[in-house]
Amino acid sequence: MKKLSLLIVVLLVVAIAVPSLSAARAQEKIRVAVVMPSTKSDLAFSQSIVDALLAIQEERGEDAFEFVYSENMFVVEDAATALRDYASQGYDLVIAHGSQYGSSLADIAPDFPDTAFAWGTTVDTFRDQGITNVYAYEARSEQGAFVQGVMAAMLTKSKVIGIIGPIETGDAKLYVDGFKAGVLWQDPEIEVLVNYIQSFSDLALAAAAADAMLAENADILTGTAQMVPGAVNKAKEAGALWFGTQANQTSLAPEIVVSSQVYDWTVALNPIIEDVLAGEIEGEAYSLTLENEGLRIEFNEDFELAEEVKATAEEVIQAIIDGTISFEIDEEGVLTVVEAEAEAE
Amino acid sequence: MPPNLFHSPRLDRAIDALMPLIAVLLALLVGGLMIVLMNANPITAYRGLWDGAFGSKNAVADTLVKATPLLLVGIGICISFRGGVVNIGGEGQMIAGGLVAVAIGLGYKDADPTLVIIACLVGSFVAGAVWGGIAGVLKAYFNVNEILSTIMLNQIATFGMMYLVRSEFIDPRQKGAAAPIPETERLPRQFDLPRIGGALDDLYRWLGLSGEGGTQWGTTLLHNGIIIALVLAVLVYVLLWRTTVGYRIRAVGKNPRASRYAGIPVRRYMVLSLVLSGGLAGLAGGIQLLGVRHRMNAEGGAIAFTGNAGFNGIVAALFGGLHPLGTIPASILFGALLVGGNKLQRTVQVPSALITALIGLVIVFVVGSDIFVRRRSRRRVTVSVAEATEAAEVRASP
Amino acid sequence: MIGDLITASVLASGIRLATPYLYAALGETFGQRSGVLNLGVEGVMLMGAFTSLWAVHEFTPAGATGYDAGALAMGVLVAILVGLIMGLATAVINVTLQAEQGISGIGIYLFGLGMSDLLFQKVFGGNVVTVNGFPKVYLPVLSDIPVLGEIFFRQNLLVYFAFALVPVTWFVLNKTTLGLKIRAVGQNPEAADAMGISVARVRYFTVTLGGVLASLAGASLSISLVNVFQQNMTAGQGFIAVALVYFGSWRARGVMFGALLFSLVNALQLQVRTKGIDVPDEYAAMAPYVLTIIALVFASQRIDQPAALTKPFERGE
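Residue numbers (the working numbering), protein chains in the order written: chain A, 257 to 601; chain B, 657 to 1054; chain C, 2 to 318.
Just so you know, not all the hints are guaranteed correct.
[Stated by the list, open to error] When the alpha-carbon atoms are kept at most 20 Å apart in a straight line, the in silico DMTMM-like pairs for lysine to aspartate or glutamate are as follows:
1) A/K566 - A/E587
2) A/K492 - A/E511
3) A/K285 - A/D319
4) A/K413 - A/E447
5) B/K831 - A/D380
6) C/K276 - A/E314
7) B/K831 - A/E588
8) A/K566 - A/E549
9) A/K285 - A/E322
10) A/K415 - A/E472
11) A/K285 - A/D531
12) B/K910 - C/E191
13) A/K415 - C/D5
14) A/K413 - A/D475
15) C/K276 - A/D475
16) C/K182 - C/D305
17) B/K910 - C/D305
18) B/K831 - A/D586
19) C/K137 - A/E493
20) A/K415 - A/D475
21) B/K831 - A/E584
22) A/K285 - A/D380
23) B/K713 - B/D857
24) C/K276 - A/E547
25) A/K285 - A/D348
26) B/K765 - B/E824
27) C/K123 - A/D307
28) A/K415 - A/E564
29) B/K831 - A/E587
30) A/K285 - A/E530
31) A/K285 - A/E314
32) C/K137 - C/D69
33) A/K415 - A/E445
34) C/K276 - A/E445
35) C/K312 - C/E191
36) B/K831 - A/E564
37) B/K713 - A/E315
38) A/K492 - C/D69
39) B/K713 - A/D367
Bear in mind the hints are in silico, worked out from the structure with no lab data behind them.
Given the sequences, and given the hints that come with them, work out the whole structure.
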């Protein structure tokens, strides 16, 4: 009897408390939806945004931050349907995580003026089209790529370095060009082999591209996009070194990964979320850089990297942060390294 | 056996029509188990599927928009399969069509919109016809199997598109961007295929069916591509069964040797089958461009633009019994499945892989159930023959 | 200049690339010779790729640094088993249920594409897992032959086995009673049936064998060529394999030539770009597809396809 009445009391307390609690929280709870091209576990582009959202959820708590996703949205019209659907369901922030979604977003955003949208990777917020509720984010991946290129130039013995990319545009081109610039900045004598294999998913072709580079005596490889694990294993077999990007790729081959450039989208997402919470949607553009730590060079702790190389890498990182080394891209898409004059003492 | 109790023709036909539906339900049942294994509620999931496909005016519009390229590719497949050639090149032909349409549209930005739209659509048909025709010529005159050549031509078209969109065709706004997006300029808005929702609302109002506040089709994305596709489906039907050309295409497909003896230029008709089916796929690309995408983009390869309609259209055509009119409901149902599947994923947050596997299951179950329909119809034929014989015997006996 | 491009390592790489095509296309050859077209090869490849990788991962003892022969054997065994199941399912659909083969194949492809990824996410949480796959085996004496040794005889077991399958396939199809039955069933099932051959049984055999070989094709990617699994990692290779069967006019040797041509050109175009020769990447990537068609224009023999291809057979009463 006693137990039963106790139970009833507990239940009553819970029944009264829970709705009021959840009501209080509901006001603060922010709901985010993300639409992305590949799967959430691609160890590359799509995974990087999911990791960031998970980190934010960890920090803010599941009661305050909820997110949903649509993955494998290679078909742009399906992605557009998903974006529209999330917006009409009242999500506070809808993220279009793929540069191919831009034109759809420009059509959708004006229909939902109270919803915040974010589009990556780009700097275009459609301000010139009179749209104010679209944020943009991008990664200046040439920065970390340059640092890794400098390291690679110091580590190579054969003076041949290979870079594998998917197609020659966007983020991949930025990484490849930055890496190459870093290598040549450190040592113009080095031969840099570049191959865009025209596929994001063909692991066997990536492996064959690595084979071709290794046969040319390359002793350091790097690459970007989700098909690179095929190349990593070839590097491992041949004892060549590997530099990763987009996510920490150390787990693929702990023996040979020197470092990875890691994207941390929370740097872009947190200010957007603050805006949304404050109700002041302003549609700004954010870039991940080494300076704001949206880009980080994560060293593989199991790899014995010479102190000298690490020190140089850190110097270069500092120089990029200070702006003494910066990058310019011209009309033709050619990247040049700009070194500011050392300040007068 | 109690006569005629179990084979009223109407009941028979109803059971035949239900068979694919039963197969779909069975596939969804198996899919439901998979959904449970992924810790989601199958009932919520399937409600999502329904909502996404037919649950609202927007959903119905999405389904019809999705069905449009399936139908166009599908009626092309009806021609080619009836003509005895297997066209797996819909993807490449759609891309060829889209590329030519975007080139025409961007080349004549200031011209009269109606003229430009017509030129784009005709151009896309021609482009697809050429791309399909290559496979046709290779088959008819160089003995290169069309399954091989169309698979290869798909990739060739994709790579060609990726090159052009990244270089010659790239949006000038992307030049000099740190990370340029490989895409063309958006076509001017006056070249968008007209939306037909407003006209539908008017129609409802005229019929007195709209009720208070109107029917609200006007805000949906439904464009007039579906009308073009429906009209063409009827025309293809007429072509195949009401004209000499159609008769010859089918004759060549049924029996090339006999056709040759009958004086039909078999090779030319093989090429024609691929030209027509390629052209329709190319038109699907043009309509997809003007109605939905408005620009080409190299990221994500072929599927980002085609949505796999080049392959899915084959499925739609075969489900429709290789009949252009049968392909209409088949395309709509398949479009519904694709659109609804995405909504299902959003609703219960299962991996998209589950949807892919589920659609595979539905296809396999439906195609596997077909035998029961065929068996039943054969049995009916046997029964009626037996009855006729019996009746004849009765009459013959004095 | 040409010598710079066509090096021993390029040729060796081409041979490795040809391996998955060979398994899948030889398997498809058996099926088509008996009158069954299976467009679902790609899906079965993906299932084989994932499950074999899972088995190697599962059975490699913890802390092992190199490859583990037992685990690799398990990988192959599991791939065979999965291929058997997928092949049998394909046979049920195409032979017993007499499905329209064009569609059923697309269904099987989509099922495999989705299911392999789903299992990957369920088992490994979608995290990329690498294994120590088949190591290179230097064949004694042969591998020491200059140039040729590097090209042909420093590959791994799954590569050797794929090429060994070519004469085996030829022998089975042309020199055995079983082969005779297969060809009879594919050419004229009614006559074969009248001669007392069970059309269904022969087709069950060939389609299931096709499933096993497609699954091995997947394994030859995931535990021999790249040693890792990712969703859709076959990237269309299963469809190319089907095309190669037509290239080879349903003959084992022709299929091998097709697979080699396609893969060698692919390795070569990668080499061209590695060498920094100035061609647009996209045009280079097109090369294997274009050259395969052109080669067939010049080399095509007037061999008709098996007369009963794609036509289901039902015994008359």
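We went through each hint and held it up to the structure:
{"no.": "1", "hint": "A/K566 - A/E587", "verdict": "34 Å, violated"}
{"no.": "2", "hint": "A/K492 - A/E511", "verdict": "8 Å, holds"}
{"no.": "3", "hint": "A/K285 - A/D319", "verdict": "7 Å, holds"}
{"no.": "4", "hint": "A/K413 - A/E447", "verdict": "12 Å, holds"}
{"no.": "5", "hint": "B/K831 - A/D380", "verdict": "13 Å, holds"}
{"no.": "6", "hint": "C/K276 - A/E314", "verdict": "48 Å, violated"}
{"no.": "7", "hint": "B/K831 - A/E588", "verdict": "7 Å, holds"}
{"no.": "8", "hint": "A/K566 - A/E549", "verdict": "18 Å, holds"}
{"no.": "9", "hint": "A/K285 - A/E322", "verdict": "7 Å, holds"}
{"no.": "10", "hint": "A/K415 - A/E472", "verdict": "11 Å, holds"}
{"no.": "11", "hint": "A/K285 - A/D531", "verdict": "14 Å, holds"}
{"no.": "12", "hint": "B/K910 - C/E191", "verdict": "19 Å, holds"}
{"no.": "13", "hint": "A/K415 - C/D5", "verdict": "19 Å, holds"}
{"no.": "14", "hint": "A/K413 - A/D475", "verdict": "7 Å, holds"}
{"no.": "15", "hint": "C/K276 - A/D475", "verdict": "16 Å, holds"}
{"no.": "16", "hint": "C/K182 - C/D305", "verdict": "18 Å, holds"}
{"no.": "17", "hint": "B/K910 - C/D305", "verdict": "16 Å, holds"}
{"no.": "18", "hint": "B/K831 - A/D586", "verdict": "8 Å, holds"}
{"no.": "19", "hint": "C/K137 - A/E493", "verdict": "10 Å, holds"}
{"no.": "20", "hint": "A/K415 - A/D475", "verdict": "8 Å, holds"}
{"no.": "21", "hint": "B/K831 - A/E584", "verdict": "13 Å, holds"}
{"no.": "22", "hint": "A/K285 - A/D380", "verdict": "28 Å, violated"}
{"no.": "23", "hint": "B/K713 - B/D857", "verdict": "11 Å, holds"}
{"no.": "24", "hint": "C/K276 - A/E547", "verdict": "36 Å, violated"}
{"no.": "25", "hint": "A/K285 - A/D348", "verdict": "9 Å, holds"}
{"no.": "26", "hint": "B/K765 - B/E824", "verdict": "17 Å, holds"}
{"no.": "27", "hint": "C/K123 - A/D307", "verdict": "18 Å, holds"}
{"no.": "28", "hint": "A/K415 - A/E564", "verdict": "18 Å, holds"}
{"no.": "29", "hint": "B/K831 - A/E587", "verdict": "5 Å, holds"}
{"no.": "30", "hint": "A/K285 - A/E530", "verdict": "12 Å, holds"}
{"no.": "31", "hint": "A/K285 - A/E314", "verdict": "14 Å, holds"}
{"no.": "32", "hint": "C/K137 - C/D69", "verdict": "13 Å, holds"}
{"no.": "33", "hint": "A/K415 - A/E445", "verdict": "8 Å, holds"}
{"no.": "34", "hint": "C/K276 - A/E445", "verdict": "16 Å, holds"}
{"no.": "35", "hint": "C/K312 - C/E191", "verdict": "12 Å, holds"}
{"no.": "36", "hint": "B/K831 - A/E564", "verdict": "39 Å, violated"}
{"no.": "37", "hint": "B/K713 - A/E315", "verdict": "40 Å, violated"}
{"no.": "38", "hint": "A/K492 - C/D69", "verdict": "17 Å, holds"}
{"no.": "39", "hint": "B/K713 - A/D367", "verdict": "17 Å, holds"}
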